[in-house]
Amino acid sequence: MGERVTFWYGCNVLRHGDIIHACLDILRAVGYDASPVGGPDYCCGTVRDANQTTAGGMATRTVGKLNDRGARVVAWCPSCHSHMHDFMEKGNDRQFDMTYLVELLHMNRAKLAPLLKREVPMRVMLHKHVGFNDLVPVNRMVPELLEMIPGVQVVDAGYAAPGYMCASFAVLPKALDDIHANTVRAAKACAADAVVTTFHQCYREIVGLDAAGAVPVYNYIHLISRSMGLPYEDEYKAWKRAGDGAKALIGEERIAKVGIQFYERAILPELKKRPNLAK
Amino acid sequence: MSDRSVIGQRLKEFQQREVERILGACTQCGKCNEVCPMAQYSKAPSQDAKATVGGVLAVLRGEQGSPEALGWIGVCTRSGVCVPACPENVDPKMMMRLARMTALGGRGLPKQLDAKEDRDYFDRVRAFAKLQLTDDELKEWT
Numbered sequence: 001m002g003e004r005v006t007f008w009y010g011c012n013v014l015r016h017g018d019i020i021h022a023c024l025d026i027l028r029a030v031g032y033d034a035s036p037v038g039g040p041d042y043c044c045g046t047v048r049d050a051n052q053t054t055a056g057g058m059a060t061r062t063v064g065k066l067n068d069r070g071a072r073v074v075a076w077c078p079s080c081h082s083h084m085h086d087f088m089e090k091g092n093d094r095q096f097d098m099t100y101l102v103e104l105l106h107m108n109r110a111k112l113a114p115l116l117k118r119e120v121p122m123r124v125m126l127h128k129h130v131g132f133n134d135l136v137p138v139n140r141m142v143p144e145l146l147e148m149i150p151g152v153q154v155v156d157a158g159y160a161a162p163g164y165m166c167a168s169f170a171v172l173p174k175a176l177d178d179i180h181a182n183t184v185r186a187a188k189a190c191a192a193d194a195v196v197t198t199f200h201q202c203y204r205e206i207v208g209l210d211a212a213g214a215v216p217v218y219n220y221i222h223l224i225s226r227s228m229g230l231p232y233e234d235e236y237k238a239w240k241r242a243g244d245g246a247k248a249l250i251g252e253e254r255i256a257k258v259g260i261q262f263y264e265r266a267i268l269p270e271l272k273k274r275p276n277l278a279k
Numbered sequence: 001m002s003d004r005s006v007i008g009q010r011l012k013e014f015q016q017r018e019v020e021r022i023l024g025a026c027t028q029c030g031k032c033n034e035v036c037p038m039a040q041y042s043k044a045p046s047q048d049a050k051a052t053v054g055g056v057l058a059v060l061r062g063e064q065g066s067p068e069a070l071g072w073i074g075v076c077t078r079s080g081v082c083v084p085a086c087p088e089n090v091d092p093k094m095m096m097r098l099a100r101m102t103a104l105g106g107r108g109l110p111k112q113l114d115a116k117e118d119r120d121y122f123d124r125v126r127a128f129a130k131l132q133l134t135d136d137e138l139k140e141w142t
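Protein sequence lines correspond, in order, to chains A and B. Residue numbers for the first sequence follow my numbering, so the first one is 1 and each next one is one higher. Residue numbers for the second sequence follow my numbering, so the first one is 1 and each next one is one higher.
No more than 25 angstroms apart at the CA atoms, straight line, and that leaves these computed lysine-lysine pairs for DSS-like: (1) A:K237 with A:K188; (2) B:K12 with A:K65; (3) A:K272 with A:K257; (4) A:K273 with B:K116; (5) B:K12 with A:K90; (6) A:K257 with A:K237.
Far from chain B by the CB rule (all over 10 angstroms, computed), these chain A residues: (7) V155; (8) K237; (9) D244.
I should point out that these hints are in silico values taken from the structure, not numbers from a laboratory. Glycine included, every Cβ here is placed at the ideal spot set by N, Cα and C.
Work out the full structure: start from the sequences and follow the hints.
So, in structure tokens, the structure goes:
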């Protein structure tokens, strides 16, 4: 096994167990001894802008835990990655090298290419944002990764949404409506079969377009995973498409783990939410 | 026993140094506001970019921000288009982030903006983890 790395996946990608599992398999397949950490106990603190004492405490705890692991950190979440760069490492002694997953995969294209054996015949448009690219040029690197997949053709209508990822727009519904409408318009303009997101925060919002029947949506890891023949199922998309019917797909045993009341109050509304495409 | 006053102290000191650097470097030319792709979504759209930036600097000083400044701070989603537009290398993205923290009351100054708190944020993350990971993975990975 090659270099030992910590795969710091973040918090909200826990909606997408298939992405976490696939990332681990991909990292291991290109030669890394990857072990994952994430969830609220490894939160970067970026969601706590309204309380910098709490945010600072979270940053110190998480940097300390990542230091203790004594390995390079590979970040999945763009919020965690940029918060580490902008704030966490400024107030704490970071003792590990840090790389964003897209960068690492891009650096390992020669090892990744022979693993991409299965055809994925699809014209895809990358869902882009203008932000984050100053830190990691994902709008260039992700299409270059996708084009390595046999059958994938990347098309582009020149649209990049504001911000750096879609989840920030949950409190700005008019702007999010514009992103949804512009994404569908751009996908149609370049005759894309599907829209592909870089970040899970975008996938969570944009997959609503899939559930609403506007355009199929994937994350780039889904397509790499499919080409490698990895077996993971995108349950979040299935639940999102099912809406009220998600309960049957999830099953009573798993619903019981989170509690039916919490499921109905805090999870089901997210699964039922559909984009406003009235424009 | 932990002393809350020292929690995140170095981070707060870094933020204060950044605030002072930004207040010293910004000439209020307004370019950052002019190029911002989110400014159109503000509740109080700017009529005067220079004045709006002045309002943001007021927030950083702990003073009351103008409606235009607070409206702009409220819609910043870190596009970063402002960074190369700034002729003084102020890093307006950092300026807006610190202004947001300040306006939300996060830096110990009076709150000027309401944060839309998601009371279920972390519980929802934990719940999805239970739906998506095995018990062993939950124990070892989170």
